[in-house]
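Taking the hints into account, I'd like the entire structure generated from these sequences.
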Amino acid sequence: MNCLEYRRLMLAQPRSDRSDLREHRQACDACARFTEELHSVEHAVRQSVKVPVPESLASRVMLRHEMRQAQAARRHRTVWAMAASLVLVVAGAWFINHYQAPLQTVVMQHIENEIAHLGEQNDVSPGELQRRFHPIGISLGKIEGPIHYAGVCPIRDSLGGHLILAGRRGPVTVLFMPGESLSQRQEFTHTGFIGRLIPTEYGSVSIVGMPGEDLGKIEDQVLPSV
Amino acid sequence: MPRERDTFESLVYSYAGDLYRFGYGLCRQQQLAEDLVQETFLRAWKALPSLRSPAAAQSWLFTILRREFYRTLTRSGKDEQTISLDDMDTLPETLVSFPTEYSNDQVDEILKGLPLSYREPLLLQVLGGYTCDEIATIMQISSAAVMTRLCRARQQLRHLLDIRKSGANDL
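Just so you know, the protein sequences line up as chains A and B, in that order. For the first sequence, the numbering used here begins at 1 and goes up steadily by one. For the second sequence, the numbering used here begins at 1001 and goes up steadily by one.
If you are wondering where the hints come from, they were derived from the structure by calculation, not from laboratory data. For glycine and all other residues, C-beta sits at the position ideal for the given N, C-alpha and C. It cannot be assumed that every hint is accurate.
Stated by the list, open to error - With a Cα cut of at most 20 angstroms, we get these calculated SDA-like pairs of lysine to any residue:
| no. | chain 1 | residue 1 | chain 2 | residue 2 |
| --- | --- | --- | --- | --- |
| 1 | A | 217 | A | 169 |
| 2 | A | 50 | B | 1046 |
| 3 | B | 1046 | A | 217 |
| 4 | A | 50 | B | 1128 |
| 5 | B | 1112 | B | 1042 |
| 6 | B | 1112 | B | 1072 |
| 7 | B | 1046 | B | 1002 |
| 8 | B | 1112 | A | 48 |
| 9 | B | 1046 | B | 1068 |
| 10 | A | 50 | B | 1002 |
As the list claims (entries may be wrong) - Just so you have them, the derived chain B footprint on chain A, three or more residues with Cβ under 8 angstroms:
| no. | segment |
| --- | --- |
| 11 | 10-19 |
| 12 | 54-62 |
Claimed, not checked - DEER-style ranges, computed between Cβ atoms:
| no. | chain 1 | residue 1 | chain 2 | residue 2 | range |
| --- | --- | --- | --- | --- | --- |
| 13 | A | 166 | B | 1007 | 24 to 32 angstroms |
| 14 | B | 1007 | A | 219 | 27 to 35 angstroms |
| 15 | A | 50 | B | 1142 | 27 to 35 angstroms |
| 16 | B | 1005 | A | 89 | 29 to 37 angstroms |
| 17 | B | 1056 | A | 212 | 22 to 30 angstroms |
| 18 | A | 37 | B | 1142 | 25 to 33 angstroms |
| 19 | A | 101 | B | 1046 | 53 to 61 angstroms |
| 20 | B | 1142 | A | 128 | 52 to 60 angstroms |
The following block contains the structure:
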């Protein structure tokens, strides 16, 4: 093997441990030096390509996956609902007049209906948050981290506050529901999310995030402020 | 379905980081790299039954991302740096040595400037740890062409580092 051939092969595969390459390196000082310098640059190349990965990237991928699955399931349900619409209209009218869905169900349905907000990456200022929640009479104190979405929306029969914060594992949804009474705290899981319902003086608060999220930390931030 | 979800989740948490780095190395834009990762896993979910074994997962995902990147490039009409096809797949004739004084920032800057046809196999080798044969399968070119491009990539790296060193010395 000559030096040209050696260097071509090393340039293509610096980490090759072929015996003929080793032998040439041992016999040729110039190529041994070349190899040292090549490995030094190679090390710098390896460091350079290992750029920082955005935080919670994997969680966001899973979140978007869950969102798509939920939307697909909803479309599937819509087809069946259309097929049985006449029966549902009659039965549903009676049902609504005589039964109230559990708050957990209401919360998750609301999140699924407004699932597009989970992908938002805005940064709502404290002043803007104050302005948006003014109609429901809720004033929040300082909240850590970016607020990706804040809005007022109908939740069951009343207007509630809908907040999306950046959690450690992905977006966290906080719903403020004035008028929704709750007898005790509840923890729950639902199709890839974890959540808790918290009774308060003016109604209820729900906090929903990705598995592994520290919901207590979010609760500590939003509850004392209300 | 729960087993497929578990498999999918395992793929996401195992490979999202390296896929991002590969995507970023190709496009050099953070948001686009993240979009490529999202799109890759969207396609991976749909094609999950076609993944034959866990051992093939990484190269399978890298291949999907690569295809998505080129689709994006075609859609955007962006003109990546090209090199002459005549001399692309022939081996260099001269010996090279590497400069001994350079910074990591210089290397990073120069990597950005490498033509895509050189940068891509270099990323696959450095990030993915693939052999030349494996890179050839992913890129759908011959192993000889892969070796030549890797050789040229490192030659060009050396040449540009030399230019920067000369420029620094002239200051």
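- Query: Do the beta carbons of residue 37 of chain A and residue 1142 of chain B sit within 25 to 33 angstroms of each other?
  - Reply: holds (29 angstroms)
- Task: Determine whether the Cβ-Cβ distance between residue 1142 of chain B and residue 128 of chain A falls within the hinted range of 52 to 60 angstroms.
- Result: Holds - the Cβ-Cβ distance for residue 1142 of chain B and residue 128 of chain A, about 58 angstroms, lies within 52 to 60 angstroms.
- Query: Is it true that the CA of residue 1046 of chain B sits at most 20 angstroms from the CA of residue 1068 of chain B?
  - Reply: Holds. Residue 1046 of chain B to residue 1068 of chain B sits at ~14 angstroms (cutoff 20 angstroms).
- Message: For the hint 27 to 35 angstroms, verify it against the beta carbon of residue 50 of chain A and that of residue 1142 of chain B.
- Response: About 29 angstroms separates the Cβ atoms of residue 50 of chain A and residue 1142 of chain B, which means 27 to 35 angstroms holds.
- Query: Quick one, are residue 1112 of chain B and residue 48 of chain A close enough, alpha carbons at most 20 angstroms?
  - Reply: holds (10 angstroms)
- Task: With a cut-off of 20 angstroms on the C-alpha distance, tell me whether residue 50 of chain A and residue 1002 of chain B pass.
- Result: Violated - the C-alpha atoms of residue 1002 of chain B and residue 50 of chain A are around 33 angstroms apart, more than 20 angstroms.
- Message: Check the hint pairing residue 217 of chain A with residue 169 of chain A against an upper bound of 20 angstroms on the C-alpha distance.
- Response: holds (13 angstroms)
- Query: Does 24 to 32 angstroms hold as the CB distance between residue 166 of chain A and residue 1007 of chain B, or does it fail?
  - Reply: holds (28 angstroms)
- Message: Between the beta carbons of residue 1005 of chain B and residue 89 of chain A, is the distance compatible with 29 to 37 angstroms?
- Response: At roughly 35 angstroms between Cβ atoms, residue 89 of chain A and residue 1005 of chain B fall inside 29 to 37 angstroms, so the hint holds.
- Do the alpha carbons of residue 1046 of chain B and residue 1002 of chain B lie within 20 angstroms of each other, as the hint requires? holds (15 angstroms)
- Quick one, are residue 1112 of chain B and residue 1042 of chain B close enough, alpha carbons at most 20 angstroms? violated (28 angstroms)
- Item | Pairwise beta carbon distance, residue 101 of chain A to residue 1046 of chain B, judged against the given window 53 to 61 angstroms | Since residue 101 of chain A and residue 1046 of chain B have Cβ atoms about 33 angstroms apart, the given range 53 to 61 angstroms is violated.
Taken one by one, the earlier hints fail for this structure at numbers 2, 3, 5, 10, 19, listed in ascending order.
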